Each structure stands twice: as structure tokens, then as C-alpha cells.
Amino acid sequence: MVSVPASGTTTFTRSIEDAARAGRRVGTTLVGPAVFVVIAVNILPAFFGFYSSLRKIFFFGDEGFAGLDNFRALFADPVTWEAIGRSLIFTFGALALAVPLALLAALAVRELGARGRILLTILLVPWAMSPIVVALLWKWILLPSPGGLFASILATFGMPPANLLSNPTWAMPTVIAVAVWRTFAFAAIILTAGLGQIPKDLYKAAAVDGHTAFERFSRITVPLLAPSILIVLSMLTISYFNEVQVIIGLTSGGPIRSTTTLAYQLYLTGFVELDQGRGNAIAVVMFLINLVLIVGYVQLLGNKKGGEA
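In terms of our numbering, the sequence shown opens at residue 1 and continues consecutively.
Accuracy of the hints is not assured; some may be wrong.
In silico EDC-like cross-links for lysine to aspartate or glutamate, where the CA-CA straight-line distance does not exceed 20 Å [unchecked claim]:
1) Lys-56 to Glu-82
2) Lys-56 to Glu-215
3) Lys-204 to Asp-77
4) Lys-200 to Glu-111
5) Lys-56 to Asp-275
6) Lys-204 to Glu-215
7) Lys-56 to Asp-69
8) Lys-200 to Glu-215
Label pairs and their in silico Cβ distance ranges [what the hints assert, rightly or not]:
9) Leu-44 to Trp-140: 34 to 44 Å
10) Phe-48 to Ala-193: 45 to 55 Å
11) Ala-76 to Pro-199: 20 to 30 Å
Read the hints as simulated data drawn from the structure, not as lab findings. These numbers were taken from a predicted model, which means no experiment stands behind them. Heads up, the beta-carbon is just placed ideally off N, CA and C, and yes, glycines get one too.
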């Protein structure tokens, strides 16, 4: 038997530890700037926003500590609760349209191959545009005057022009449709990537076993696509709940506050009325609602995945 000197083993162990420490230093050096940027751009402003929500700030002048007065005034105002309700209607209404459309687009891209990727690239154009530009474009399309594209189409069929954006019943569905048109292709990209990770052999085996197309979709595609769906739900929820540019461009919160969401109320309070203290209180409430919704998605999809496993 050949024995290894203890000193040699110790030296070898130390060299491994030194290499590991060097690797950690390199990793810290590379990741450090990115962490600093994240802290500077996201975390510090978030803390400052929460701090400002506890102070009385008007026209950029700090009048002192307000405690929870901004939150009390916020929740005592019935307009706030109406805005929260409209925000939830806007968010879930848009999700109900965007997620199925994105999934259909992703399935079409997978089936069409190269042609599908070209189609997806075309669909991405609205997402690449500024939200306010998209809103102004659709405002022109929906003009009830003869110059509007929608009015011209209705006139072709002998129908009178419809002013959807001035109708309290139709304004919210119209804004939802425009927001979905702008964003669903981005969600389709994420779902397309998720579909690409599902082995095709699973579908072939299921087809050999006699499973129908719907059974293959419900038992293979949906469960294995759950992580991608969770990402899509989280990103779109934040996008829709915080949407304000499309609303500003299309309706400015009208008619009769029918499209005044909590995000638009934040815009009015913080940037028009210049009540930064109360505006930051609205921002804190929006953050908490977003957090609750996303945690709910994680719990729902996590439990579903665990039950199917």
C-alpha cells in the first residue's frame, strides 16, 4: 500500500480552497456592478417611495412627517376603491384575452416553423412601439368622424359611426383590447420558448397510446408549460395593473372616470395635483396588490404542478 504524506494532502487541500476563493472573488467582481445597478435603480427608489408615502409632500416641498395620514385619506376616499376595482377589471380582463392569444400564437409558431417565426416578428411590432404612440394610433383608428378607419368600415356596411371611447360602457373594453394588442406577442415569445423545451417524444408516445390532441394538450403541454405560464402571468399582471400611458392616450381616465384605474389615479395625484406624499402612498398600495396577485399565481400553479406530479 502506498501512503500519501500528510503534508502533501494538506497542500493539495489548501490549493483547492485557494482556487475556490479566487473563483468566488472573480464571481463577486463580475456580479458586483450588476448588483449595484439593481440596488441603485430599483431598491433605493422603492425605499424612498415608501419613506415619502409617510410624509406630507406638496409641490416637491416636504412639510414634515405625516405617519399613516396619506393612507387613511386614500382609503377614506371612495374614488380609491372604485379605481382599485377598475384596475382589477382591467388586469384580469386583459389577462383573459392576452394569455389564450399568446398561447395560440405560440402553438402556431411551433407548427409553422420558419413561417411562424416571421409571423411572430410581425406581431411584435406593436410591443416595440411606445405605448403612447400605440394609444394615439388607435385613437385615430377609432375616430367616429369620416376620417376614422373604424367609422369608414362601419359606413361600408351602412352602419352609423360608433364613438367607443366616449361611451362609458365600451371605453374600458376598448382600452383593454388595445393593451392586449400591444403586449400579447411578447407573452407569445416566452410561451414559444417554453414549448421548445417540451420533448417531442412525449407527444409521439401519447399519440401511439391513442390520446387525442386535446388530451395531449391538457396532459402534456399545459403541465410542462406551467413555469412559462407563471412568468407570463406575473409579467402581464404587473404591466396591466400599472398601465397608464395607453389610458392617457386614449381616454384620459374618462368618460365619467370609467377608465380611471389606480395607476391613472397615481398619475393624477402625483404628477398633476403634485401631491407626492399621497401619490407615493398609492404606489405602495399598487406594489402590495401586485405582490399579492403574483404570490397567488405561484401558489396556484405550484399546487397544481405538485398535485399532477
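Cross-check of the supplied hints:
1. Lys-56 to Glu-82: violated (24 Å)
2. Lys-56 to Glu-215: With Cα atoms ~58 Å apart, Lys-56 and Glu-215 exceed 20 Å; violated.
3. Lys-204 to Asp-77: violated (58 Å)
4. Lys-200 to Glu-111: Distance of about 12 Å is within 20 Å: holds.
5. Lys-56 to Asp-275: The given pair, whose Cα atoms are some 8 Å apart, holds under the 20 Å limit.
6. Lys-204 to Glu-215: holds (13 Å)
7. Lys-56 to Asp-69: holds (9 Å)
8. Lys-200 to Glu-215: Holds, at roughly 15 Å.
9. Leu-44 to Trp-140: 34 to 44 Å: At 40 Å between Cβs, range holds.
10. Phe-48 to Ala-193: 45 to 55 Å: violated (35 Å)
11. Ala-76 to Pro-199: 20 to 30 Å: Violated, at about 56 Å.
In this structure, the hints that do not hold are numbers 1, 2, 3, 10 and 11, in rising order.
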